[in-house]
Amino acid sequence: MACIEARGLRKTFGPTIALDGIDLRVEEGRILGLIGPNGAGKSTALNAILGLTPYDGELRVLGRDPWNERDQLMRDVCFIADVAVLPRWMRVSQALDYVAGVHPRFDRAKAEGFLARTEIKRASKIRQLSKGMVAQLHLALVMAIDARLLVLDEPTLGLDILYRKQFYDSLLNDYFDHSRTIIVTTHQVEEIQNVITDLMFINHGRVALECSMEQFEARYAEVMVNPEHLAAAQALKPIHTRQLFGRSILLFDNANHEELATLGDVRTPSIADLFVAVMGPQTEAGEKS
Amino acid sequence: MNNEPNNVLDAPFDGPRNALVSATRPFYWSVRRELWENRSIYLAPLIAAGVVLFGYGMTVFNLPQLRRNALALEPTRMRAAIEMPYDAAAMMIMFTVFIVGIFYCLDAIYGERRDRSILFWKSLPVSDRTSVLSKAIVPLAILPLLTFVIVIATQFVMLLLSTVLLLPSGLAGTTWQLLPLPRLWSILFYGLVTSTLWEAPVYAWLLLVSSWARRATFLWAVLPWLAISAIEKLAFDTTFFIRLLGRRLTDGFQQGFVVVHYPSNAHVPIVDRLTQFAPLKFLTNPELWIGLVVAVVFLIAAIRLRRSRGPL
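Protein chains in written order, with my numbering: chain E, 1069 to 1357; chain D, 4 to 315.
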């Protein structure tokens, strides 16, 4: 069974189309990176998946209709939303008590174990914790829940590098086990390049690109072209060209890697570079609306 | 994979794992979280009780003289004079709790939308119905119960204080003899039950506004009703609506009783006899039932709005 299955997922806010008929299928055990510019519809898509907003079209998450079955769905789904949403008045011990009280799949001992590795004190109020500590606490709570789908919406926003690194390390080492599914959106795309198994670009409420990371590595190649080969390289129809230190960097889709190797240094592009190549012109056009 | 239905409650809980447990646990913990967040629910009436006791302690040195004056009055007024400080204490605590209830309801849902913690609450398997009802139960059951306990404790301390101070003058027995505390407490309990039922639509309306408004919850809670009253006054030159509102807000405690008045001071209502209990009058008043239906409608609307409204 697919973890998430959407067909023609649509959502409009008055005249604004946030989601324009998205088809989506996320299999169990995948880590999907959902990348898009601000206002592309990422958060709307996640909100629909989490049962926070009504939608048109078909959507099943773990076989359930999120809008009508949010409370049951949340036994199997966890999410960390874009900014620290833990209530600031709450004590750490109260947060543990509360989640243990309402969540049948919460393993308190596990959460205590994660917290023992941090500086977080049980008696502290959440408002007294640093932003990084709040993220650690939220992650400890979420990782102690035996959920099947974890949704992360900009989970590392505003955290320093150490916390950000640690966040994804914990997630991969202590949580992810191939029977779980994770969806993550972030603007810090370089952080998740080696974390995700699948990639999706979304823009203007539509899916702009969708591939697994294996496909990504097989399809896309970036070549730092030697000046004498530039004309030959242009003939192979790169999807994007940029200049760096006076040299041209060309990005190719589905080109022959051996052929490219004769033109210069070939490497796998970063997600960020591909993002610019795929979205760049469209985004400018879209900015008017 | 643990996705069979019988494993849904697979957690180290003691006791029977049945549907009732799974329905009441989130409710129980949601109510506890309301008490963690809103400590004014119990602090405000405790402070009010402290103020009452302090005030009583300040005047209590005149007590022997006051008591002698009271004993010289005719029986009805004598009892009223002895009861007066106890009634005043109860009224002050009840008024405090009423105010707490109003502001609690106005902020209950609005607050979690404003600080975005609603996203955390919604990330847990707790339905919107459970969440809103766990908030509604605060003014509808927890505050009245707290009022009852705190008023009784306060009056008991007052009684002890007056006994100690009246001992030297030999009048201590008169308080015990003339102050009908069990009767006052029965009136208090019955009055709290009836007034809570009477005021239920007020609290439900405030929760609805809290779930709906994007800002200025207090204005949204008050202005529509004032506007309707003003329009009624201008259009028909009547005050039906404003009086209806006034009855809801201020007459809660009298609704379950037959109110008699002092002959000399006709506008001060007194409720001090068990024979004045009028449950039949209360339960046959259509205004009560209309109010309860309206309260249910408001609560359902609040639940539906909480479901679709995200953080501000």
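Source of the hints: derived by calculation from the structure; they are not laboratory data.
Glycine is no exception: its CB is placed at the ideal position from the N, C-alpha and C atoms.
Don't take each hint at face value.
[Unchecked claim] Facing chain E, a subset of chain D residues (Cβ under 8 Å, in silico):
(1) Trp32
(2) Arg36
(3) Met87
(4) Asp118
(5) Thr178
(6) Gln180
Going through the hints against the structure:
For D:Trp32, the suggested interface contact is upheld, since its CB lies about 3 Å from the closest CB of chain E, less than 8 Å. Below 8 Å, beta-carbon pairs count as interface contacts, and D:Arg36 has one with chain E at about 5 Å; its hint therefore holds. Of the supplied interface hints, the one on D:Met87 is violated, with its beta-carbon coming no nearer than about 40 Å to a beta-carbon of chain E, more than 8 Å. Interface hint status for D:Asp118: upheld, as the beta-carbon distance to the closest one in chain E is roughly 6 Å, under 8 Å.
Contact between D:Thr178 and chain E, as hinted, is not supported at the beta carbon level, the nearest pair being about 43 Å apart and thus beyond 8 Å. A cut of 8 Å between beta carbons decides the hint on D:Gln180: the least distance to chain E is about 49 Å, and the hint is violated.
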